[in-house]
Amino acid sequence: MKKFSFLKSAAAAAAVLLALVSCGNSQERLLPNVSGKAGEIVVVIGKEAWEGSAGNEIRSLLASDCPYLPQREPLYNLINIPATAFTNIFQLHRNILMVNIDKKVTEPGVIVSHDRWAQPQCVILVNAPDSDTACSLVKENSALILNAYEQAERDRVILNTKQYEAAVLRAGVNKAFGGSPYFPMGYSCKKEAQDFIWISYDTQYTIQGIFVYKYPATGDSGKDFSLDEIIGHRNAVLKANVPGMFDNTWMTTAEAITPEIEFLKYKGRQFAQTRGFWEVHNDYMGGPFVSHSFYSRDGKDIIVLEAFVYAPRYDKRNYLRQVESIIYSFEWEDEQEKR
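Residue numbers (mature numbering (1 follows the signal peptide of the UniProt record, and there is no 0)): -24 to -1, 1 to 315.
Hints should not be assumed to be uniformly reliable.
Claimed, not checked - The list that follows gives simulated cross-link-like pairs (lysine-lysine, BS3-like), each with its CA atoms no further than 25 Å apart:
#	residue 1	residue 2
1	Lys115	Lys166
2	Lys199	Lys166
3	Lys241	Lys115
4	Lys241	Lys215
5	Lys190	Lys166
6	Lys138	Lys243
7	Lys151	Lys80
8	Lys166	Lys243
9	Lys138	Lys151
10	Lys138	Lys115
11	Lys199	Lys138
12	Lys190	Lys243
13	Lys115	Lys151
14	Lys243	Lys276
15	Lys190	Lys167
16	Lys138	Lys13
Claimed, not checked - The following label-pair restraints were derived from C-beta to C-beta distances:
#	residue 1	residue 2	range
17	Pro84	Cys165	47 to 57 Å
18	Pro84	Thr234	17 to 27 Å
19	Ser11	Arg273	38 to 48 Å
20	Pro288	Glu238	23 to 33 Å
21	Lys241	Pro219	28 to 38 Å
22	Gly208	Trp308	21 to 31 Å
Since the hints were derived computationally from the structure, they do not count as laboratory data.
For every residue, glycine included, the Cβ atom is placed at its ideal position computed from N, Cα and C.
Sequences and hints are given; from them, build the entire structure.
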């Protein structure tokens, strides 16, 4: 393990280095559970650097607006502390970004590590000889940094979901589609129809819903995964299966803002990810959604996993992250853990 220092005080630096070295045997010791709220990152950096170019770059990356939400919310809430305040309390936080700016640094770089002081924890170190280099490193490694925190947040939800799973829901989706996400306790099946299942967690003021549905593929991947094709089928399926509260109302895709599509590969599964807004035709309900579209194993159908949120009284970032993480947990039936 590479050693690194980030404190001005030699004594404090030695103490932290000792803690880091001891983490090399992390599998042989029991780590405490992480602290902090979902969507938070502790940023360990000096005041001058935080208020300068390095801090601006960090905020631009991690506190920019979360995409496709109806109101402005940052991707992450950042908690800035100087290195001298990085005590045991902060070391247990779920997400930590440590910026070590020291002219003695001879190997500038970005290091991602996990479970250093707690679990499941994501710690990223930026090592730089000066603030300008730190700024450049954050910019050059923006995808690495952002993906590491996104994956860590997602993995925590999936781990908790599997630990407290409502297995009967997975069994039903497996039977209909040959694979399924994992669903936590509290979720229930709201509707099951031909090639369509609606699973939801509802409270008095919020809905976190998941649709799983399929429709025949054309065999032309360019057409099957075009935005027009995905949204056209989405609107048809939801009109048939997701009625609103009143006559002549149903869920559909909001047209005011064009959905966004990107093509991803996650744990060997390739899919088209679509983000946008849903609304109820002839009514005033609405919110964000994200969907994954991919071929069935025999290539005859397109399977869609969709996560959506309705939370008119609350910020929606964490609600959407939670339910989006669930659809990321999808596995084909023969890949799933036996429980």
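Straight-line alpha-carbon gap Lys243 to Lys276, limit 25 Å: Given pair Lys243, Lys276 holds - Cα atoms ~22 Å apart, limit 25 Å.
Straight-line alpha-carbon gap Lys115 to Lys151, limit 25 Å: Judged against 25 Å, a Cα distance of about 46 Å means the pair is violated.
25 Å limit on alpha-carbon distance, applied to hinted pair Lys166 and Lys243: Violated. Lys166 to Lys243 sits at ~29 Å, over the 25 Å cutoff.
Agreement of Lys190 and Lys166 with the hint, judged by alpha carbon distance not exceeding 25 Å: 17 Å, holds
Satisfaction of hint between Lys80 and Lys151, Cα-Cα up to 25 Å: Violated - the C-alpha atoms of Lys80 and Lys151 are around 60 Å apart, more than 25 Å.
Hint check for Trp308 and Gly208 - Cβ pair distance inside 21 to 31 Å: The hinted range 21 to 31 Å holds for Gly208 and Trp308, with Cβ atoms some 26 Å apart.
Distance restraint evaluation - Pro84, Thr234, Cβ atoms, bounds 17 to 27 Å: For Thr234 against Pro84, whose Cβ atoms are near 40 Å apart, the range 17 to 27 Å is violated.
Given pair status - Lys115, Lys241, alpha carbons within 25 Å: Distance of about 23 Å is within 25 Å: holds.
Hinted pair Lys190 and Lys167, Cα distance within 25 Å: 15 Å, holds
Distance restraint between Lys115 and Lys166, which requires alpha-carbon spacing of 25 Å or less: Violated, at roughly 44 Å.
Supplied distance hint 23 to 33 Å, evaluated on CB atoms of Pro288 and Glu238: 28 Å, holds
Agreement of Lys138 and Lys151 with the hint, judged by alpha carbon distance not exceeding 25 Å: 19 Å, holds
The structure is inconsistent with the numbered hints 1, 2, 4, 7, 8, 10, 11, 13 and 18, although it conforms to all the rest.
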